[in-house]
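**Student:** Note that the protein sequences, when read in sequence, are chains A and B.
Quick note on numbering: the first sequence equals residues 1 to 258 in the UniProt record's numbering.
Quick note on numbering: the second sequence equals residues 1 to 258 in the UniProt record's numbering.
Any given hint could turn out to be false.
Stated by the list, open to error - DEER-style ranges, computed between Cβ atoms:
#, chain 1, residue 1, chain 2, residue 2, range
1, A, Ser135, B, Gln77, 45 to 53 Å
2, B, Gln77, A, Glu72, 23 to 31 Å
3, A, Glu72, B, Lys105, 33 to 41 Å
4, B, Leu224, A, Ala217, 32 to 40 Å
5, B, Asp111, A, Asn33, 55 to 63 Å
Hints listed in this document are in silico derivations from the structure and should not be mistaken for laboratory results.
Every value quoted in this text rests on a predicted model; they were computed, and no experiment measured them.
Backbone N, C-alpha and C fix where the C-beta goes; we use that ideal spot for every residue, glycine too.
There are 2 protein chains.
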Amino acid sequence: MNSEEEVLEFVKNGHQQYLPHLSIDPVIFGYHNQQLKILLLKWKGQNGWGLPGGFIKREEPLSEAAHRILAERTGLQDLFLQQFHLFGDSPYRLRERSAGEFKEKYGLDVDDDNWLFVRTLSIGYFALVDYSKVSVRTDFFTEGYQWWDVNEIPPLLFDHNEAVEKALATLRLQIYHQPIGYSLLPEKFTLPEIHTLYETILGKELDQRNFSKKLVALGLIRKLNEQRAIGPHRSPYLYQFEKEAYEDALKHGLVHTY
Amino acid sequence: MNSEEEVLEFVKNGHQQYLPHLSIDPVIFGYHNQQLKILLLKWKGQNGWGLPGGFIKREEPLSEAAHRILAERTGLQDLFLQQFHLFGDSPYRLRERSAGEFKEKYGLDVDDDNWLFVRTLSIGYFALVDYSKVSVRTDFFTEGYQWWDVNEIPPLLFDHNEAVEKALATLRLQIYHQPIGYSLLPEKFTLPEIHTLYETILGKELDQRNFSKKLVALGLIRKLNEQRAIGPHRSPYLYQFEKEAYEDALKHGLVHTY
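So that you can see chain A by itself, here it is in the shape it has in the complex (with noise of 0.2 Å):
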């Protein structure tokens, strides 16, 4: 969508593809080289950065709007995705918007009662994807993007902020119940390389021992009868996810194994 015409044609007749009062905001964190970033867009006649969005149509399923989305945005398919929470209570998810402000913005003429102008709340994934491997498409609402490391985001758009922390906090609590790094290391990987992801996601330092220790006690992953050979004197054991034991706890919970 970057036309005018095309933006144009969304505004004006969305309402009959898509959904009103609802979006989707994901929080996409990019895990490359020990950094862990967000991708922000900056957008149009607002002098800010937020998250990327979209809407759900009308006749789609909610997780496959989520995917598609993300997929639009970054290019990649089948990322590990997951709803976080829904918001609607900051201010900013109360209101609505008009016709003025959407003038000033995008310079686009709309009427008041547009789609686009009634209070919408917003739905929070997050994705976890290598972000080297992300070609970032922006489009009419929004003039460029950046990666920026968690630990340096700066004041966001609207609500973006809370959706941002919520979204980390959320990755940080489900680290040890969900196949996080499943979708960013390779299918059977070294423990050095599990404990730096790891480390770098919760953003300090795990002892080594007691972190592979306890993957395996949790029955997360599994040693392989096969090593990797990266030097001379030097072949680690890999490892692999158990996701069978991931799909379990996240059913029953992993109460049995705190």
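The hints should help you fit chain B onto chain A, whose structure is shown.
**Tutor:** Positioned in the frame of chain A, the structure of chain B alone reads:
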């Protein structure tokens, strides 16, 4: 909302007061005397059981709406209430309804383009209450209620079995991250009291000594310099929730303690 007049007003003009496309359908867990149950309502004209529900007012913050709906159904205020999922995937969450269906179930005549018949996504919240304190209120759309044991939930209407399962899984997963029990136990409680509560919620035995050691080690409860006399030679120490530690854990993840 019980008289036919009130109901017709709600059905015909409710869109002026409420947002379309979204309902809040709380899973209300009731605990009492070592039993964990869920509140289900018998829906009129459907010969089946389902969760209670309600709609968000147009200018009402989302979590305020959830508390209001819960209070309307149970008569209780300020309960532990937590959002856990937005449901929008199942076939039931994709379909629209018709005036014919509505007439058949409730005997009311309305137009096909009524606001209630649009695709409606369901916002899952769960609450924890002492069910002996609840006075359940049914309304025009429901004709009875019952507290069902969590292990004996029947096939439910709509996609409500999915909601119940996910609520229970979330409750169990979060039992060491959230002040679960905060609204169920007295402000100062004994270890056997919280131990019994947690065993009931998890549906399994927990080693008493490890359990209490862990709760203290996690910093989630604190031993008081105070005892309760419950019989000759029996005066166990009292404990209290560390609400700040819970909040801290929620914010940063409990990761340092695993």
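**Student:** Hint by hint, which ones does this structure get wrong, listed from lowest number up?
**Tutor:** 2
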